[in-house]
Amino acid sequence: MSSFIKSTKEANQIVIIETDGYLNNEGGEAISAICYEKIKGGQHKFLINMAGTKVVNSIGVSILIEIIEKLQEVDGKIGYYNLAPIVAKTFNIMGLTKYSTVFATEEEAVGAL
Amino acid sequence: MKKPSVELKLPILPNMELIATQTAEVIARHMNLTDDQSGEISMALIEACINAFEHSKTDSNVFIHFLIEEDSLVMKVIDQGIGFDKTKVEIPKIENKIGKEERKRGWGLQLIQELMDSVEFESNSDGTTVTMKKNIKH
Numbered sequence: 001m002s003s004f005i006k007s008t009k010e011a012n013q014i015v016i017i018e019t020d021g022y023l024n025n026e027g028g029e030a031i032s033a034i035c036y037e038k039i040k041g042g043q044h045k046f047l048i049n050m051a052g053t054k055v056v057n058s059i060g061v062s063i064l065i066e067i068i069e070k071l072q073e074v075d076g077k078i079g080y081y082n083l084a085p086i087v088a089k090t091f092n093i094m095g096l097t098k099y100s101t102v103f104a105t106e107e108e109a110v111g112a113l
Numbered sequence: 001m002k003k004p005s006v007e008l009k010l011p012i013l014p015n016m017e018l019i020a021t022q023t024a025e026v027i028a029r030h031m032n033l034t035d036d037q038s039g040e041i042s043m044a045l046i047e048a049c050i051n052a053f054e055h056s057k058t059d060s061n062v063f064i065h066f067l068i069e070e071d072s073l074v075m076k077v078i079d080q081g082i083g084f085d086k087t088k089v090e091i092p093k094i095e096n097k098i099g100k101e102e103r104k105r106g107w108g109l110q111l112i113q114e115l116m117d118s119v120e121f122e123s124n125s126d127g128t129t130v131t132m133k134k135n136i137k138h
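In order, the protein sequences belong to chains A and B.
Letter by letter, the first sequence follows residues 1 to 113 of this note's numbering.
Letter by letter, the second sequence follows residues 1 to 138 of this note's numbering.
Worth double-checking, as some hints may not be accurate.
Stated by the list, open to error - In the DSBU-like style, the derived pairs of lysine-lysine whose C-alpha atoms are separated by at most 30 Å in a straight line are:
1. A:K89 <-> B:K86
2. B:K2 <-> A:K89
3. A:K77 <-> B:K100
As the list claims (entries may be wrong) - Beta-carbon label-pair distances, calculated as ranges:
4. A:P85 <-> B:N61: 25 to 35 Å
5. B:N135 <-> A:T97: 21 to 31 Å
6. B:S118 <-> A:K70: 33 to 43 Å
Claimed, not checked - To be clear about the criterion: a stretch of chain B counts as covered by chain A if any three or more of its residues have a C-beta under 8 Å from a C-beta of chain A, and this derived list gives those stretches:
7. 17 to 27
8. 56 to 68
9. 90 to 98
10. 109 to 121
No lab work stands behind these hints, which were simulated from the structure alone.
The beta carbon of each residue, even a glycine, is placed where N, CA and C say it ideally should be.
Okay, chain B solo, but in the shape it has when bound (with noise of 0.2 Å):
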């Protein structure tokens, strides 16, 4: 039988990404989660929504899909931007920002990984795909 899916299109837009959470916590219900999986997932989303609403540099819009499986929410967040490279991405540390030049953002990745089971980052010229994974403890 074909898993369950639901997939999303969003402009980007101002705040588009709680379109997301909303959809989140809607499966998140239907799969039993918890409210801690619930929140990891829906604050995985929005920084995966906002990575590619601000750097995908493009007016396309940002497809999300929701694979529901029977022991793990799969999310694929994917755009058409002009892709980036995940090696030059720093890991963050408040301790190099604080009463420095630095700038205070670019946590987003650091955040998606840290709430997440996996994380896998496809990215091209043609567009970037962050899959997410959550495994489900029932």
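Bound conformation, chain A alone (with noise of 0.2 Å):
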């Protein structure tokens, strides 16, 4: 597993993935790795806990709107929390806060997903 993925977990039929470091290229495909695996084990909910990626860029984000594309064919969802602010605000600017959810928290994103 990508040194990017710190942890995965599931709760409540959602898959939570943990991250650590910068969401670039390779850190996007690591998360997207983990996605399609679960996709065709049968799972449609995600959640990314990005509480220790500061740092993103425009790639690595690019590569959670295919997941996000991917998610859409099997009626999924994405989530994310404890973002930084400077990557909620990249969220918003390129437009995944119209397909996909920010939550606060942990426990607000598992009890809305």
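Hints given; two lone chains; assemble the complex.
In structure tokens form, the structure reads like this:
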């Protein structure tokens, strides 16, 4: 598993992926590899805990757009929590918040997704 | 008195943009910028560096100049690549990317323009200079 992925766990049939470090193309691909494998296994809800990711680039975030697209095919959902303000702003500018949800906490995210 | 400046020379190697952001963070602290301002400067810098690395189509180094002014921070990202025509760069919209064949990337210029107070592009066949300015509200 990539060092960018700090942990994965499941709660309420939601796959929760905790990241650590720079969300660049490699980080994005590490997330997508887990999501696509889990989608094949029948899971359709994902949360990304980004507490450890203070820096992103648009290439890494673009891979999240690819995951959103893939999830639309299976009526799935993805959300994020513990975002640094600049990460949340970047998601907003790129429009991710139109197709996925930013939550404040894991508790809120697990309850709402 | 000459305004303080910092200059970096970055080779085109993976993740070298993070050297630029680390420098920007030090400068932001020196200028007493807020965390939000610092984050916006770093994000814009990352995108400008990635554009220079990916699109300049050269092995030459990328130069970054930070110009510390009383009421603003000016950052110049300079490459010696083939240049580009900004008028041919489409404004990306996620609606045009989701569920479509269009590639998901191509957000760099949009992010830079949203995050900075002013952005200027000078580009020709000898290279591109992106000049980004953040006004400082103390």
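Cross-check of the supplied hints:
no., hint, result
1, A:K89 <-> B:K86, "holds (24 Å)"
2, B:K2 <-> A:K89, "violated (35 Å)"
3, A:K77 <-> B:K100, "holds (18 Å)"
4, A:P85 <-> B:N61: 25 to 35 Å, "holds (32 Å)"
5, B:N135 <-> A:T97: 21 to 31 Å, "holds (26 Å)"
6, B:S118 <-> A:K70: 33 to 43 Å, "holds (38 Å)"
7, 17 to 27, "holds (count 3)"
8, 56 to 68, "violated (count 0)"
9, 90 to 98, "holds (count 6)"
10, 109 to 121, "holds (count 4)"
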